[in-house]
Structure formats: C-alpha cells, structure tokens
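Colleague: Sequence:
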Amino acid sequence: MTPRTADAAFDRQWWKEAIVYQIYPRSFNDSDGDGIGDLRGIVEKVDYLDDLGVDVVWLCPVYDSPMADNGYDIRDFRSIADTYGSVDDWERLRDVLHERGIRLVMDLVLNHTSDEHEWFRRSRREEDGYADYYHWREGEPDEPPNNWESIFGGPAWSYDEARGEWYLHLFDEKQPDLNWRTPAVREEMKAVVEWWLERGIDGFRMDAVSHMSKTDGLPDGDPSNSPVGAEHYSHGPRLESYLAELNADVLSAYDAMTVAEMGMTTVDQAADYVNAADNGIHMVFQFDHLDVGGHTEDWEFDDGTDGSDGDDAGSDAGGIDLPEFKRVVTEKQRELDWDAIFLGNHDVPRIVSQFGTDSYRERSATLLGTFLLTMRGTPYIYQGEEIGMTNTEFESLDALDDPKTVGRVEALLEDGVVDSFEEVAGVVNARSRDHARTPMQWSDDPHAGFTGGEPWLPANENYPAVNVGVQRSGEESVLAGYRRLIDLRQRFDVLVYGDYELLAPDHEQVYAYVRTGNAETVLVVLNWSASPAHVPDLDVATDDADLLFANAADAPADPSGATLQPYGATVYLL
Numbered sequence: 006m007t008p009r010t011a012d013a014a015f016d017r018q019w020w021k022e023a024i025v026y027q028i029y030p031r032s033f034n035d036s037d038g039d040g041i042g043d044l045r046g047i048v049e050k051v052d053y054l055d056d057l058g059v060d061v062v063w064l065c066p067v068y069d070s071p072m073a074d075n076g077y078d079i080r081d082f083r084s085i086a087d088t089y090g091s092v093d094d095w096e097r098l099r100d101v102l103h104e105r106g107i108r109l110v111m112d113l114v115l116n117h118t119s120d121e122h123e124w125f126r127r128s129r130r131e132e133d134g135y136a137d138y139y140h141w142r143e144g145e146p147d148e149p150p151n152n153w154e155s156i157f158g159g160p161a162w163s164y165d166e167a168r169g170e171w172y173l174h175l176f177d178e179k180q181p182d183l184n185w186r187t188p189a190v191r192e193e194m195k196a197v198v199e200w201w202l203e204r205g206i207d208g209f210r211m212d213a214v215s216h217m218s219k220t221d222g223l224p225d226g227d228p229s230n231s232p233v234g235a236e237h238y239s240h241g242p243r244l245e246s247y248l249a250e251l252n253a254d255v256l257s258a259y260d261a262m263t264v265a266e267m268g269m270t271t272v273d274q275a276a277d278y279v280n281a282a283d284n285g286i287h288m289v290f291q292f293d294h295l296d297v298g299g300h301t302e303d304w305e306f307d308d309g310t311d312g313s314d315g316d317d318a319g320s321d322a323g324g325i326d327l328p329e330f331k332r333v334v335t336e337k338q339r340e341l342d343w344d345a346i347f348l349g350n351h352d353v354p355r356i357v358s359q360f361g362t363d364s365y366r367e368r369s370a371t372l373l374g375t376f377l378l379t380m381r382g383t384p385y386i387y388q389g390e391e392i393g394m395t396n397t398e399f400e401s402l403d404a405l406d407d408p409k410t411v412g413r414v415e416a417l418l419e420d421g422v423v424d425s426f427e428e429v430a431g432v433v434n435a436r437s438r439d440h441a442r443t444p445m446q447w448s449d450d451p452h453a454g455f456t457g458g459e460p461w462l463p464a465n466e467n468y469p470a471v472n473v474g475v476q477r478s479g480e481e482s483v484l485a486g487y488r489r490l491i492d493l494r495q496r497f498d499v500l501v502y503g504d505y506e507l508l509a510p511d512h513e514q515v516y517a518y519v520r521t522g523n524a525e526t527v528l529v530v531l532n533w534s535a536s537p538a539h540v541p542d543l544d545v546a547t548d549d550a551d552l553l554f555a556n557a558a559d560a561p562a563d564p565s566g567a568t569l570q571p572y573g574a575t576v577y578l579l
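To get this note's numbering, take the position in the sequence shown, counting from 1, and add 5.
If you're looking for bench data, these hints aren't it; they were derived computationally from the structure.
What you are looking at is a predicted structure, and each value in this text was computed from that prediction instead of being measured.
It is possible that some hints are incorrect.
Said to hold, decoys possible - Computed spacing ranges between beta-carbons, pair by pair: (1) ASP260 - ASP225: 42 to 48 Å; (2) GLU143 - SER91: 41 to 47 Å; (3) GLU121 - ARG339: 41 to 47 Å; (4) GLU143 - PRO463: 42 to 48 Å; (5) SER231 - PRO469: 37 to 43 Å.
In this text, a Cβ means the ideal position worked out from N, Cα and C, and glycines have one as well.
Take the sequences, apply the hints, and build the full model.
Modeller: So, in structure tokens, the structure goes:
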C-alpha cells in the first residue's frame, strides 16, 4: 500500500480514516453446508477482505437469537447463536482480522430484545426488579393501549396472556421494546457494552437508536402519520441523556468507534448528536439521501405506483432527482461534523438497482463506489457492492423472508388495500430488504459458491456472470475499480479530511465536487445518468489536472467542457 500523504492540520482519528465493510453473516459465506453463513465462513474470506483493502469489518448480529428478525431479536447478548458458531469461532475471527490490521465493529441492539430473553421472561412474570424492564400497559385483550403502529406493519402492541397485559414492540412482536426509563435496564445495557469492549472489539454500530426514548404516557399518535405514533417513539425526551450516560460510564474509557442508526431523523436532529461532545456518537446513519433514491417508509398504491426498479425511471439520473440528491448530500456535508457515507446496507435494496441501472451495471456500480470513497466522512461498503450485485425478483409472498416486507404486505391484504400479492409485487421488488440479503456471489458454482447445501435464501439468478471469481482477474471489473478507489482514498488525506464544495448544483446529469485540503485539491466529476453528459464550466482551474481514476477508457484529461460517457466517473488531482 502506498503511504498516505501527510497533513498535520487534520484532526486525525482512526475511525475517520477507516473504510468499513459490512457483513451480513447469514448471507456471506457458509462453511458447513447448512445453507446459512457463519463465522468460520467469514474467517475463510479474510484474505479477500485484506486484498480488497478495507480497514474495518462491521458484523451484523451473531448473538444467540431465535432469528425472528435474523438476529436483531437477541436472546442472550453474551452468547453466539449456534447457527453462526461458537464464542471460540468469534474469537478466532477477531484474532484473524486483527492480525491483518482490520478492526472489528459489532452491531449493538439497544432498543429491544427477543421475547425469549431472560429479562422478558422474568418481566412477564413480574418478578422483583424486572416488572418494568419493558413497556407494559393494562387493557382488554381486544383494545390496544394506544393507536401506535409497528415499523414492520400492524399494531405496535401485543397482548401477553401470561401477564394479562399489553407490551410494546416497535418492530416484530417477538422484539419487545426495552424500557430505558428503568435504571436497571440502563445498567444492564452498559454492562453488555463493557463486556464486549473488554473482549477486544473496536466499536459498535448502534441499532434503532432514535427509538430508545418514548413520550411520557405513551399518548395516541396522529392518525395521518406513517407509521402512526412515530412522533412519540422517535427522538423522545430522554434520548440524549441515555446516550450521554452510556458514554460517560462506559464508552469514554475506550478508543471505540460508534455509528448510530437513526431512522425518522432530520439532518438537524442528526447534527444534535454528531456535533455534541458528550454523547459518544461519532457519526449517524441518516437516510434523507436514500429517500431521494426511492427508499421510503411510505408504500403508495392509490396512484398506481408499481415500484420502479430504478432502471432509468423518473429522470435520466438512474431514477433519482439528481439536483435534489446533491442538495441533501451537501446539507449533510455542511451540517454534520462527521458523516457516515453509505448508499446501501442490509435494510435497503441493492444500490445498483436503486441509484444506477442494470443496463450499465458495471459502470454505474463503479460510479457509486467513486461517490462512496471520495466524500468527506467514513465510507461503508455493504457486501456485494464491490462486485455490483443487483436486486433479484420475488414472485410470491412465500418467496420472501424479511418480516418487515411480509408484515406490511399482510397488513395491506388484511385491510383490503390490495387483493393480491401481484398488486404489490412492483413495490416489493423495488423495496424489500431481502434484495440485500441474497447470498454473496463468490463464483459461478451452484448457489454462487456461497454454500454446498441449499441456501436459506436463493442466490440472484445473475450469479454466473456477476461474482468475485469472474472479476478477480479483470482489470476493468467492478472489483478492480473498488480496489483502485480504496487505494486512492488511503493515499490521499484530502479524500478523508478535505473540505467539500459542490459544483454545478442544478445540473441534471453531472455531480461534480471539489475536495480541498491544505496541500491538495481533488476534483470528482460523475455522470450520474444513462446518457452521455456534457460537463459544464466548473469554475475551477482544470488545465493541469492529473487524472487519478476513471471507470471508462476514454475519460477526458480535462473535464471542463468535455463529454462523459453514461455513468462515467472521474477523479482528478488539481
């Protein structure tokens, strides 16, 4: 690796300079042929991660779980699910990663547990000290305590026959919400955080953080909101104090990276957490830019919406309103002290299908990689993005695994909004989380080389052409492009720390911006469309530009006034 350029003026932090690779263990690599990815399978692929050049692995939950939501329903925070292996397997993964200089970040679910967790079992029995670990309310079995809706669809309350009361679950009914107002709950969760940090992990991705605090009294929500009640279970009155307490009592004693997932959050709200000095949140997953790309919590049918697949739909910019996308990204760049740079994860469709196009799959995939790896903030690559994996197609409700999608479709059917799956198939195939969860495509072997058995979710049918094996030796492959971009970011501090300035904000095809440091200036020019784009006068001196990266052989030496090919991506040193 070429040494990175030095600039002592930057506020250096390892988590700012990191390039994070997110692994969804269930779908990454299966070592034992049971059709489910596991920890030993990840160990088998550490050479691949090292060769790619990433610095951090973010591991989605591998804790003991009944798997109602693929591990986000945790039964025991201190144990590993048998499905994924053992504590010894986890320690082996940690050690192998650390030997390669790759840090390990774990998913931390703060808002809820499984209904099979010991705390919930004791709470439903109202044992001393546990009665208020969760949100319980009295009421008749057919009358929920309020009108809140679950994020997964349907009521946010379930009646527990054993206790004779209702319990709150913002997600699946098997994921009851913890009551963070109870001091013992906060102590329990602080102990969990410390337990893992003492075992050598390097930080946490904090799940569903924005929902930890609820409005006092749990009042009815505005029926016009979607989901109903969200204004009462997002950014509640004590959220900042809960995070500050967790930081003061545990996190502040460790050199640990933190990134908080915050759905239903504005940029201003995200800034309140990221820019604060006492809550221990380094960066936030905030989703406004994904909403521009069609990832939305609102499923609309009354206007005939069929769920565009993002393939050049709606505009020439891969189905997105590019000027609006630039505006949202630029707002985050200006308002947040540090940003989490991402386009995809395990909860959203594949980024090529969402922000690019299958028609120019390879080039749009490398354009998206260029965006991720040249913005100010910490970039996150979700497994498969580096080879340009795309959405698949689901032909029936039975083909789906994602409880969020299944719950919403079932609610629509039960409420009579639609009469059949076919009526919602377009939206499902545009937005289901299962797109991101199909097996990682390693080779053209059966099931994409993911497993020797029957995979828990079928591989995308395009795997014979789209896989690591095919791309590993190709100099112009998506994988090769990501490697070059990662190397570029690791060589140039300006791509990590430099200021960001948007150029040509209203252009409907071109996304251009300058990254400026004390010693270097880099210009990025992207044709975010399926048609050739004329690059306008960018109002920066480009006569002596040095082309650092391009995803097309005919990239112009001087971008100003030039034409970029569809989904052409270029990076220049000025």
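Colleague: The hint says 41 to 47 Å between GLU121 and ARG339; measuring C-beta to C-beta, is that right?
Modeller: holds (45 Å)
Colleague: Okay, GLU143 versus PRO463 on CB: inside 42 to 48 Å?
Modeller: Distance hint for GLU143, PRO463 holds at roughly 45 Å.
Colleague: So the hint says 41 to 47 Å: do the beta-carbon atoms of GLU143 and SER91 match that?
Modeller: holds (42 Å)
Colleague: May I ask you to test the hint 42 to 48 Å on the CB atoms belonging to ASP260 and ASP225?
Modeller: holds (44 Å)
Colleague: Does the beta carbon distance between SER231 and PRO469 stay inside 37 to 43 Å, or does it fall outside?
Modeller: Cβ of SER231 to Cβ of PRO469: about 40 Å, so the range 37 to 43 Å holds.
Hint check: no violations occur; every hint is consistent with the structure.
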